[in-house]
Amino acid sequence: MRARWAWWAGLWARAESPRVLALVRIFTAIVLLYDFWTVWDLGLVLTLWGMPAAGGLGDVMSRVPVPELYQWFPPTEATAYGAWAVMVAALVCLATGLFTPVAAAVALVVSAQLAQVLPLGDRGIDLMVRNVLCLLVFSGSGRVWSLDALLFRGGVLGRLFGPRDLVPAWPRHLLVLQVLVMYFMAGIQKTSVTWWPFGSYGALYLILQDPSIAAWRFAWLEKVFPLTQLASAATMVFELGAGPILLAWWFRDTRLRGGRARALFNRIDLHKWWMFVGVGLHVGIAATMSLGIFPYAMLSLYPAFFHPDELPRRMRAATLTGQGTRAAT
Amino acid sequence: MADGLRPRDHVRAALIAVTLIVYGVAASPLPKSVKRSHFEQPIAVEELDRWVGILGGAGVTVTRAELADRAYVVGRALADVRSALLGPFKGWFRVSGTGQGWGLFTYPDSYPHQLVIEVRPSEGEWRPVYAALDPDAPWRRDQLAYRRVRGVYDGNTRKPGASYDNFVQRIGRLALTDFPDAAEARVGFVSTHSTMPGRRRDPERLPKLQRTVAR
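From first to last, the protein sequence lines stand for chains B and Y. In terms of the working numbering, the first sequence is residues 1 to 329. In terms of the working numbering, the second sequence is residues 330 to 544.
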């Protein structure tokens, strides 16, 4: 038991370069910034997060408990705009890596408050992104490719935010686990028969007939129904395939041990093929459905599947950190 | 320490273990809540009928009502288990807004709703100004199709709540502002029935949840 616990504790005590999670931080923040810019551009700040008297859609003051945003600040238009502005400022800091963990924490809390103000306006991808923000708080992703790494090289700020060559590896591993669990659970929850052979794999055909979801009119899909069946089947294989990918992840981590299955998994790099299908799936969603940032936010997490040593040589070799460092070239 | 690990490594490992258990339960397919009325929705009835057919083909004879009853009993018990396990962490989930458990189109909706917004002058005919995916009725398409706004009206199609009233008032007033000749605006849905290719088509277009806002 003691040995197993030591193994478990050691598993989460590893360190690695912060570069991969820095990429996730930058991509995720850019996607979210685009989303919040869209809200502003469409004039929807008050509609989504304002009081009903100001045109807001939520019934925020009649909810129990009232969201803290409207407990701590007056129920005015300024509060809604203020929350939006704080969120955008936090995302700009997150993207540029300024006070990175603080920025991630602020974005997490404000996003959670906005979700409480209008729960129906908070989608599954917002929940997923908050999980990611929570991990970014602890990740050390701002220790490289960031203003933190450029500006804070000594003193207290340097210790808190400054450059590092190694950061804890567990946030990246938890992020990978999060993504795999999300896909896998999405797969096993698909109990509608239309996702299965005995339901003719008709799920995607039905989804694309829904005018709230489809990006275009898809009445013509009837003529290419087998293609939608193939796409439904591929979706199920991909989502349920997240389970074996977890096993592949483990085999990859323990590649020096023996075993035929381990050798096979590592030889074919199964997770990379799986990711390739995932990219295709999300590109397909982006092209055919009106799901906003969903496919882009998911794709922004995919770099986490690579170990920092797998990054292109140019991204690995240059360093911003350490003693006597130089800027990345 | 003998194993080379520092005390904080053990604390971290313990915290991660707790986190994985809690979020694992949250991610599991245990339902959040189950009501008998869930099994009366058209999409649920259609789904139950399909399962009755599949089970019948496998030699298990069961009626739709029996299947719904069993699903309710099992689902309710599982929802209670989930609630008991996650209860202590409710506060954290609320403040952090983190969590798990979304199905990515678990049940494709074979009875989809199309949002339709119409205006009419006094004593005139209704004229659609917005209808989802209708190129002839594109009024404020970008706002109405934006994912967070869509979530509000999509989430109200089965059981409209306060946010639907707010949505109707907000959109109705906007329509009356944008179309000065209109005396009334009407917000509602048209419910259709999508059938699989090769099956008999259901041409019915059923108006639903229509609300009128007068100038």
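Treat the hints with care, as some may be off.
Simulated pairs of lysine to any residue, SDA-like, Cα-Cα distance not exceeding 25 Å [stated by the list, open to error]:
no., chain 1, residue 1, chain 2, residue 2
1, Y, Lys419, B, Met61
2, Y, Lys361, B, Phe218
3, Y, Lys361, B, Trp196
4, Y, Lys361, B, Thr191
5, Y, Lys537, B, Phe218
6, Y, Lys364, B, Phe218
From the derived model, a few chain B residues whose C-beta atoms are all more than 10 Å from chain Y [unchecked claim]:
no., residue
7, Leu42
8, Pro74
9, Ala85
10, Arg123
11, Leu151
12, Lys190
13, Leu204
14, Phe251
15, Arg260
16, Ile268
17, Asp269
18, Ala286
19, Leu291
20, Phe306
21, Leu311
22, Pro312
Per label pair, the in silico range of CB-to-CB distance [what the hints assert, rightly or not]:
no., chain 1, residue 1, chain 2, residue 2, range
23, B, Ser62, Y, Ala512, 17 to 25 Å
24, Y, Arg470, B, Pro226, 43 to 51 Å
25, Y, Pro526, B, Ala85, 16 to 24 Å
26, Y, Pro371, B, Gly258, 50 to 58 Å
Derived by calculation from the structure, the hints in this document are not laboratory data. Where is the CB? At the ideal position from N, CA and C, for every residue including glycine.
Structure-based check of all given hints:
no., hint, in the structure
1, Y/Lys419 - B/Met61, "holds (21 Å)"
2, Y/Lys361 - B/Phe218, "violated (33 Å)"
3, Y/Lys361 - B/Trp196, "holds (24 Å)"
4, Y/Lys361 - B/Thr191, "holds (16 Å)"
5, Y/Lys537 - B/Phe218, "holds (23 Å)"
6, Y/Lys364 - B/Phe218, "violated (34 Å)"
7, Leu42, "violated (5 Å)"
8, Pro74, "holds (20 Å)"
9, Ala85, "holds (17 Å)"
10, Arg123, "violated (6 Å)"
11, Leu151, "holds (28 Å)"
12, Lys190, "violated (6 Å)"
13, Leu204, "violated (8 Å)"
14, Phe251, "holds (20 Å)"
15, Arg260, "holds (29 Å)"
16, Ile268, "holds (27 Å)"
17, Asp269, "holds (26 Å)"
18, Ala286, "holds (13 Å)"
19, Leu291, "violated (6 Å)"
20, Phe306, "holds (22 Å)"
21, Leu311, "holds (25 Å)"
22, Pro312, "holds (30 Å)"
23, B/Ser62 - Y/Ala512: 17 to 25 Å, "violated (31 Å)"
24, Y/Arg470 - B/Pro226: 43 to 51 Å, "violated (32 Å)"
25, Y/Pro526 - B/Ala85: 16 to 24 Å, "violated (50 Å)"
26, Y/Pro371 - B/Gly258: 50 to 58 Å, "holds (55 Å)"
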